[in-house]
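**Q** Chains as they are written, first to last, in my numbering: chain A, 1 to 282; chain B, 1001 to 1276.
Quick caveat, the hints were computed from the structure, so don't treat them as lab data. Treat the hints with care, as some may be off.
[To be verified] With a Cα cut of at most 25 Å, we get these calculated BS3-like pairs of lysine-lysine:
no.	chain 1	residue 1	chain 2	residue 2
1	A	K85	A	K242
2	A	K23	B	K1273
3	B	K1117	B	K1178
4	B	K1178	A	K171
[Stated by the list, open to error] These stretches of chain A come out as covered by chain B in the derived footprint (C-beta under 8 Å, 3 or more residues):
no.	stretch
5	36–44
6	50–57
7	89–98
8	143–156
Because the structure is a prediction, the values reported are computed rather than measured. Ideal Cβ positions, reconstructed from N, Cα and C, are used throughout, including at glycine.
Letter by letter, the chains look like this.
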Amino acid sequence: MDSINKRTSPINSISHTKWKRLKYPDSYISYCLWLSALVFIAFSIEYLNIPLNRLLGMMGRMGEILTNRYYPPDIEYIMDLDYAKSILETIQMAYLGALFGLVATVPLGWFSSFNMTPSRRYVYPIARLVTMSCRAVHEMIWAILFVSILGFGMFSGVLALTFFCAGFAGKLLADEIEAIDMNPVEAIRASGANLFQVMIYGVFPQIRVAFTGIAIYTWDVAFRAATVVGFFGAGGMGWYLKRNVLQIETERVTSILLSILVLVLISEILSALARDRVMRMK
Amino acid sequence: MKSDQLLTKTAINVDDILVKRNRDKVSHSIFFMVIMALVLWSVNVTIIEDTDWERMGSLGEVLASAGRFIGVDFSLIPNLLEPAIETFMISCLGTLLGVIICIPATWFGALNITPFKPITYPIGRFMMTISRSIHEIVWALFFVAVLGLGALPGIFAIGVRSVGFIAKMSAEAIEDIKLGPIEAIRATGANRFQVLLYAILPQVIPQVIGVILFEWEINIRRSAILGLVGAGGLGLVFFRQMNTYNYHGVTTVILAILVIIIFGEIVSHFSRKRMI
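Could you put the whole structure together from the sequences, leaning on the hints where they help?
**A** Structure representation (structure tokens):
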């Protein structure tokens, strides 16, 4: 009896501290973090003045609005020749914007990659800042700015998309350049190559496939953005969307949205196929 | 014998390679010529024909009208604090809503855990595609029509818009998991839900958190423009400054947006470092 007690007592003393995933300080830190997140959510709901009671009837109201106002899409409206022309314009705008953006991306990505930049103290931070601010300013804001500077038309849309794509692809390209193997670069540098030659013979062969992938992805994103930059007068189908939204022609809006959806699906399938091909080339 | 075979094989391959290289050269040049033709055609249509060159005037006038934007309107800064906080909160709550909606979308849309493949898998994929392909401005317009003006439609627009990306990346992460832990947990007699919770979730959580933080950064810049269609935040101030032709004020608002985005990037950088 005594021996059994002796044997069980250490086990007992261990087992009445329950197993926990987090030990003493971490468990309290995690608890405080969750608590502060909850407090933040409650505070922001209070601060933003969100009418939570409106949420309850939301689903019913949404269904009602969808079936009553938006339901039979006005397909005839988008079968128009002018509308087809605006779709073509949108595609051209996205194409040019992505292309110019990618051309601008090459120096930007080069200057803003930490391992290949010509000067880490001066060029690198400036290029980083330029890429970041191109990316941070939304494409709609670029579109509004260019419309106010250059006037209505697709040129403003192309420039807005150019800036957007340069910021978007610049970061991806810089990340890609930072991940390259430095040995070939070193070898080419040792043979006495200058900055451009190092870039062309040491870096470019390594990022070629990745750059093609980035280019395809950028085109895809640019097309999605191009469908709406026309909202503020920068050309393309966005203008049709805005006009019909303002005139509360909701059935036409539905059909325009459906056409956007179909086009985006087509572009997504095409870009997936192209990216597959590029990946196989690797 | 073996080396002989190898030699003939390589000899054939060299010929093949030369033929292929020639064919590649021709197809590449055709490809680039097509691209150049498309560029020229698009430039002609979009830039040369569609631009109102008379309104734009000379290069000097364009530079002058761009120069109007240089400068900061300091008197606006105190009025920017509240919309900036609003924008930040809309992006946080919107991302949270997106994460909540994306749980069923991911569950249905990941090929290896979807409950009933012929029906639920297309539903999940459709949710992802529709959320990604419609622009946030259009979502905001729709939710403003349903929910009325204010921050709520903005939150819904951001949430619905961010489902696609988060769910797609998480579904891809789930499709790549190791099967060992699933088998181990199943062997202890766990049901489907418990397998999900204890075998699949711990494997993908770091990746998913990275994706959510990335999407949150994007959502900050998205929520900064939702005010353009009546959903509150900095976009509303931007629109007002633009409409009153206060160009210095426009620049100030853009700078404020940059400041919040930099703040968000710093926060997400540190939380990513801590969590992963």
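**Q** Next step is simple, just say for each hint if it's right about the structure.
**A** We went through each hint and held it up to the structure:
no.	hint	result
1	A/K85 with A/K242	17 Å, holds
2	A/K23 with B/K1273	20 Å, holds
3	B/K1117 with B/K1178	20 Å, holds
4	B/K1178 with A/K171	31 Å, violated
5	36–44	holds (count 3)
6	50–57	holds (count 4)
7	89–98	holds (count 5)
8	143–156	holds (count 10)
Hint 4 from the list above is the single one not met by this structure.
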